[in-house]
Structures are given as C-alpha cells and as structure tokens.
Amino acid sequence: MSDLYNVSSSSHIRAKDTSSKIMLYVVIGLLPATIFGIWNFGLNALLLILVCVATCVASEWAFEKLIHKKSTVNDFSAVVTGLLLALNLPHTLPIWQAALGSVFAIVIVKMLFGGLGQNFMNPALGARCFLLVSFAGTMTSYTYDGVTGATPLALLKNGEAVDTMKMLLGTTAGTIGETSVIAVLLGAIFLILMGVIDLTIPASYIVSFGVFVMLFGGHGFDLTYLTAHLCGGGLMLGAFFMATDYVTSPITPMGKVAYGILLGLLTGLFRIFGANAEGVSFAIILGNLLVPIIEKFTIPRAFGQKKEVKQHE
Amino acid sequence: MKCAIIKVVDLCRLARHKIYKLRWTAVWAVSGPKAVLKNIFKESGARKMGFMTFKGGVHPHDGKEFSKDKPIRELLPKGELVFPVSQHIGAPASPVVAVGDTVLRGQKIAEAGGFVSAPIYSSVSGTVKAIQPRRGAVGDMVNSIIIENDGEMKEVEYSPVQDVASLSKEEIIGRVKEAGVVGMGGAGFPTHVKLSPKEPGKIEYIIANCAECEPYLTADYRRMLENPEDLIEGMRIVLRLFDNAKGLFGIEDNKPDCIAKMQELTKNEPRMEVCPLKTKYPQGGERQLIYATTHREINSTMLPADAGCIVDNVETLISVYKAVKLGMPVMNRIFTVTGDAVAEPGNFDICLGMSYGEVLEAAGGFKVQPEKIISGGPMMGFSMFGLDIPTTKTSSSLLCLAKDDVAASETTACINCGRCVSACPEQIIPTRLAKMAGHGDMAGFEKWNGMECIECGSCSYICPAKIPLAQSIRTMKKQILAERRKKK
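In order, the protein sequence lines correspond to chains A and B.
If you want the working numbering, it's the position in the first sequence, counting the first as 1, plus 40.
If you want the working numbering, it's the position in the second sequence, counting the first as 1, plus 11.
Okay, chain A solo, but in the shape it has when bound:
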C-alpha cells in the first residue's frame, strides 16, 4: 500500500445543504411577495427589483475585486439583499436612489464589516433607513392606481377606517413587497417547511406586538384595529424575512425569544407613540444592534448542567 488516503478529523460526512442553497430558498420564499408586488404595482416595480438585485450583486463583485478577495457573489446572499431592499421601497422611487441604496447596503453595511456573516445589521434594512432619512419625500410618497394616497397604516394612525380585507390581499398602497399578507405568509410557510426559518422569532415578535397594541393602542381589544395593525406596514415581511435573518439575530434559543419580544415592543412603541406610522424597519435595526448583549445574557444551560441529578420516576 504505497498510496495514502485522505485523513481528517471526524466527522467524515457532511449534510447536503449549503449556505447558497439556503439563500436560494429565501429567494424562492420571497417570490410570492415579489410576483404579487409586480402584479399590484406594474412594470415599474419589476424594473426597481431588477435594478436593486443587479446593483447589489455588481457592487459585491466589484468590491471583492477591488480588495483582491475571492468573489462570493454565487452564494446568493447579495441577491437576497437586493430583493429584500426592493420589496421595501415604494415603486415610484427614482431608479438612481434605489441603486444608491443597494450600493450602501452591500458596501457600507455588509462588506466594510467583513462580508457575509459579519454584518451587524440587516443590509437591506440598513439601506432602507438610509434612504428614508436621505430621501424622505420620495421614500414616503405612495401611489396606488395612479392616485397618491396614504398607506392603510397612516390612515389608521389618523383614526380613519381601513379595509382589512384589502390589507390581507394586498391591494393597497405601500412598498412593493409588504402589502400582501397572504403572499408573504405563503413564502414564510415554504421557508418553515424547508427548515430554513423557525417560528420562534416571528411568533414572539407578532404576539408581543399584538399585546402591546392591545394595551397601549387606545382601542383595547378591538379585533379590527388589531388585525389592521398586524396586516399593515411591513410587519409580516419584517417578522418572517428580516427579523429571522440569521446573521443579525441571536443564535441562542432564549435569545431568540427575547429578541422577538424586544422587536414587538419597539415596533409598538414606534407605531403608536412615534411620529411615523411605520416602525418595523427601525425596530429591527435597533434589535440588531442589541443582539450581542442579548446573546451574552442568554448563554444556554448545557445538557446535564445542574446542581443535582434530575429525578423523574
């Protein structure tokens, strides 16, 4: 036996899933919301989505070329960022602003902090907040069926009546991907079935937000009001696709629950007591910043770590 065989430390077999496959699943999970957005808002939305995705991928490629690193564009994470960003923009946004946002998301939020896995906040949301402060006018003007109007959530804030059925279906004003609760949930169910996300964060987020709205919303236990809040704005998109972003959410099981509750409280606070009708993006970004602290306080108890042996007879 002269030829030597491979030697490595165990384990010697690997599961089939790879990071790029997971990212691809997320893209597929976003498709229902994307397709509905294009149908709802027209070709302008499609153009915006394409520009965001293309700019994200291109800027990641260019940045890595510039600093002589191996290109990581084929892991699909830039596609996810671009798509998520586009779904969080109004379809009337000027193309150049969307492109600028995409560059900001990839270069400033993601690559400058070390690329995939190192960014401390969700790149898409970071870029959305950047655009919101920079271009408040275009970022908050929503047109639906040719008429510029307020989003259901803004109406709700002003105490006007909203059509919750329309909000569920998504035939209202808003950003490209957030309007249809049904489309978002379809994608979320797909991700849950594929084992990509689990319900811990979305559930604790939505439940704690619901409780907050009931306590401080001023309407008590008003089901229509509550439903409108749950269906309105980017809550569903945020809870299932952005709060669950692996990199910027806690990894500890307890931390996930704490993080979800924190997001729910912050969103409620911003929506009900803040100046804006919206609150999801800022809540998630603030939550992202607190992740290291949350993790520090939620180091799980290891198996069998207890003062005495557990007795179950």
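If you're looking for bench data, these hints aren't it; they were derived computationally from the structure.
In this text, all values refer to a predicted model and were calculated from it rather than measured experimentally.
Just to be clear, a hint being listed does not mean it is correct.
[To be verified] Computed footprint of chain A on chain B; a stretch qualifies when at least three of its residues, placed anywhere within it, have a C-beta under 8 Å from a C-beta of chain A:
hint	stretch
1	111-125
2	217-225
3	277-288
4	413-425
[Stated by the list, open to error] DEER-style ranges, computed between Cβ atoms:
hint	chain 1	residue 1	chain 2	residue 2	range
5	B	E237	A	I339	28 to 34 Å
6	A	E104	B	E237	55 to 61 Å
7	A	N114	B	E159	57 to 63 Å
8	A	E104	B	P267	51 to 57 Å
9	B	R495	A	E104	39 to 45 Å
10	A	L326	B	K66	30 to 36 Å
11	B	P267	A	I339	37 to 43 Å
12	A	L64	B	K497	46 to 52 Å
13	B	K66	A	M234	34 to 40 Å
14	B	H70	A	N114	26 to 32 Å
15	A	L255	B	R282	32 to 38 Å
Even for Gly, the Cβ is constructed at its ideal location relative to N, Cα and C.
We have chain A already, so just place chain B on it with the hints.
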C-alpha cells in the same frame, strides 16, 4: 417567568411540527392519495416504537444496507499479528513475553499496567517475532507485540464455571479484569473499573448500549440477531453485581427485528427491559442514552454512576459473558467492513491483531479506489492513511468511502444559521465555541460551556457553511485540559 418562556419556545416547536404535517399535501400532489396513507402508517408505527430520545441530534444517511443482511463470518488470520500494548484508556499494558517465545491462543502476552488498565492476550498460537512501536488506527506509534502465526490455533485451557451463581461479586469482577475486558464500543474504558463504583448499592440501571447510532456499522446489530442469549447472559452476570439494578437494552427503532427478538427473550426476566429508541445520531452517546432511557442528565464532570447508571456496549457485555462463564479472555470481536468502495461488505468475527488490510481482503478488496478509509463510523471514527494497521479491542469497523465529503466541500463564512445549535445534543453553541477556539479565548470557551462537548460531530455534519466545528472545539478542549494538568 423562565418556565413560561420555555413553554412558549416549546409551543413554537410544536407549531412547527404541526405545519410539517402539511407536507402530506405535497406527497399527495406528487404521488397521489395512496402514497400519503402508506407514509402516514409507516410514520405512526415508527413513532409509537421510537418514543425514547434526547434533544438535538442529526439524521445522516445510515448506510447500513451494505452489510445489514450479511451473517457474521469467522476469519482465520494469516501471517503476523500485531498487538499494541495500549488498547484501552489508562496505563499501557507491560509485555510478559520475550522475542522468540512461543505462545498459545488465549495466553497472556501483556499484563495490566495499573488499576485503570487491562491485560492483552494473543489471539493465535505462534512465536513472538518482535516487540517494537507500530502505527495505530489513531495515527500514533504504539509499542506492540508482533506474533508470527503458526496457523495451528493451539489454545490454552480455559477455566469455565458451571454455575455463575456460585461466584462471589469480587470473583466476577476479578474474572472480568483478568480477561482484559474494556469498553468495546470505541472508548476502551476498562470494564472492571466501571463495574466497581464507590457505592454499588446506588446503581439502579445497567444500560446495554444497543443503539448502534453510527451510520454504516452493523456489528452490534448482527450480534443481537445471532447471539442474543450471550448478550442477555452477560447482562445477567452484571446484574448479579448490583442488587438494586435493572437491566435496560436501548435499541434504535431502525432495528425492529432486534427489538422484537430481545423483547421475546427477556419477557420472563423481571429485571430486564427493552427500550426502543428513536433512530437519531448520537442516540448511543453515553449521556444521551442515559437521558433517553432514564430521563436522568449527566454532564462532563459526572460519571454515569453519579446518576445511578452503568452503560456497556453489546460487544462488551458479550465479552463479560465469555470472561466470567467460559473463562475466555478478549481475543475476538465482530467487525464490519463496509462502504461504497468495498466489493463485498460484511460482518466478520476477527482475531484481534489482524491488520485492517487483511480483513478487507476477506471482504473482496476494493470495488473502486476509495478516497478515504475510516476506522469506526463516519461520525466519530478515525481516518487512516493506510491499511497496514492492526485491529484492536476497540476497532468496530473499516469504512471505505469512494468520495470524501470533507475534501469535496469548501468552507465558507458562518451565516449564524443556528443549525449546529439545534443539532447539538449538549445544547451548547458550536459556532461561537469554534470562533473562540480560533481566537484562543479559553475563558470564553469555558464560560460558554465548551467543555461539555462530547465531540459527536453533529455540528460539523449539519453545518451548511461546511465549517469543521467539532474539530476546532476538540482541539480547544485538549488545550484546556492540558492547561489544567499543568496547573496541578
């Protein structure tokens, strides 16, 4: 408050499982309603049986089909046999033969080097050719006794006992010690030490580890099918030592025939019980097995005896039976040769000291050139760069893989997906620990419970970024243990 949060988490898990059931709609769409019925029945049956389990774990492809149905074949060794003096945890044995001596099968060639140690016996008759360092399965050089086999298999006379009941507890342990029985599942901890806890009266469970959760391995499976009486007899002998103990056989539910057989054979044994376990890796890990069968938890600072348990593997219990009843020392074991690169995978009754290459020849050699050969299972086994390595008491299999997953997969950045966390049977955070190991952060590593790692490799297996997490953690654990020893 904490309790409530745990409940919420559990509810979320439950909800996820409920939604999981939706996949039947997909099965319906693809293969029609009959397929749904068939699958649901299959699953509910499995669930009823596989009730006992632990939290975490992974489901690698089990690969047992290669050698599952191959009956045990006895192998007679040719040429020279190599007996490393360290085939167990503890002090190496010291040779009691000299070069040129003639030895018989069953003759002691090295005696225990301390209390935590075990003697070694020749498995053939022949002449001692040399005593020199040889390479072992783990890759290190171990002092070894090399015996030239004369092919006659002349045996020493053993001293069987008619009635085990006539032996005192000390005599039973003495016979186990003298026969050189060690944990033959892979750890190699001397069995007589395990059987002598401080307070024998407090031992409540003797758990036979029949899980065989490592993919590909079928040695224990064949043993249970072909020699179940020996296994039960071994258990009976161990139970004699512990008056308050009950014997449990923990068997994974991918071996329903073994479960049925063992249940049938133990139905008139009031002190024995068969515990069907859910098929999941690492169900046969000592801490996991104890939890699954008794719901008691132990950590890295405790021994199974602290939870009133003693865990022994199938092969070990059979060796106990042979040692106590027949007076035969450990000279043989069941060994699986398997993998997609082997021509005729099978299970063999080998004489210890044969080389892996010789056993492979008996299995028809290679069908295709493998990229990797492993001593043991794919999850915790040791990869070897050659075949000229002797089998020892703890060698359970030779696994030859045509494709090496590890070399083929490229490590990418951690995306914090948390799959390692849900796979970890010790409920620690492998990815953080691996990062701390990379930074040499010993304090952080211990704070995040890194020392609790059982090195099962589930995290490395499941990681979508293909990061060798278990390897980093293992290295760090060794460093910390070395530091601690230095301080003492």
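Hints and how they fare:
1. Proximity of the stretch 111-125 of chain B to chain A, defined as three or more residues with a beta carbon under 8 Å from a beta carbon of that chain, is not established by the 0 residues found.
2. Remark: the stretch 217-225 of chain B is not confirmed as covered by chain A, as 0 of its residues place a Cβ nearer than 8 Å to a Cβ of that chain, below the required three.
3. Coverage of the stretch 277-288 of chain B by chain A is violated in this model, with 0 residues showing a Cβ closer than 8 Å to a Cβ of that chain against a need of three.
4. For a cut-off of 8 Å, the count of residues in the stretch 413-425 of chain B with a CB near a CB of chain A stands at 8, and the three-residue condition holds.
5. Judged by the Cβ atoms, the range 28 to 34 Å given for B:E237 and A:I339 is violated: they are separated by roughly 47 Å.
6. For the pair A:E104 and B:E237, the supplied restraint of 55 to 61 Å holds, since their beta-carbon distance comes to about 59 Å.
7. For the hinted restraint 57 to 63 Å between A:N114 and B:E159, the CB-CB distance of approximately 58 Å keeps it satisfied.
8. For A:E104 paired with B:P267, a C-beta distance near 53 Å keeps the hint of 51 to 57 Å intact.
9. Checking the proposed 39 to 45 Å range against B:R495 and A:E104 shows it holds: the Cβ atoms sit about 43 Å from each other.
10. In this structure, A:L326 and B:K66 meet the distance hint of 30 to 36 Å, their C-beta atoms being roughly 32 Å apart.
11. Look at B:P267 against A:I339: about 40 Å separates their beta carbons, and that is inside 37 to 43 Å.
12. At about 49 Å, the beta-carbon gap between A:L64 and B:K497 stays in the expected band of 46 to 52 Å.
13. Roughly 22 Å separates the CB atoms of B:K66 and A:M234, a value that falls outside the hinted 34 to 40 Å.
14. At about 28 Å, the CB distance of B:H70 to A:N114 agrees with the hint of 26 to 32 Å.
15. Checked against the hint of 32 to 38 Å, the C-beta distance between A:L255 and B:R282 comes to roughly 59 Å, which is inconsistent with it.
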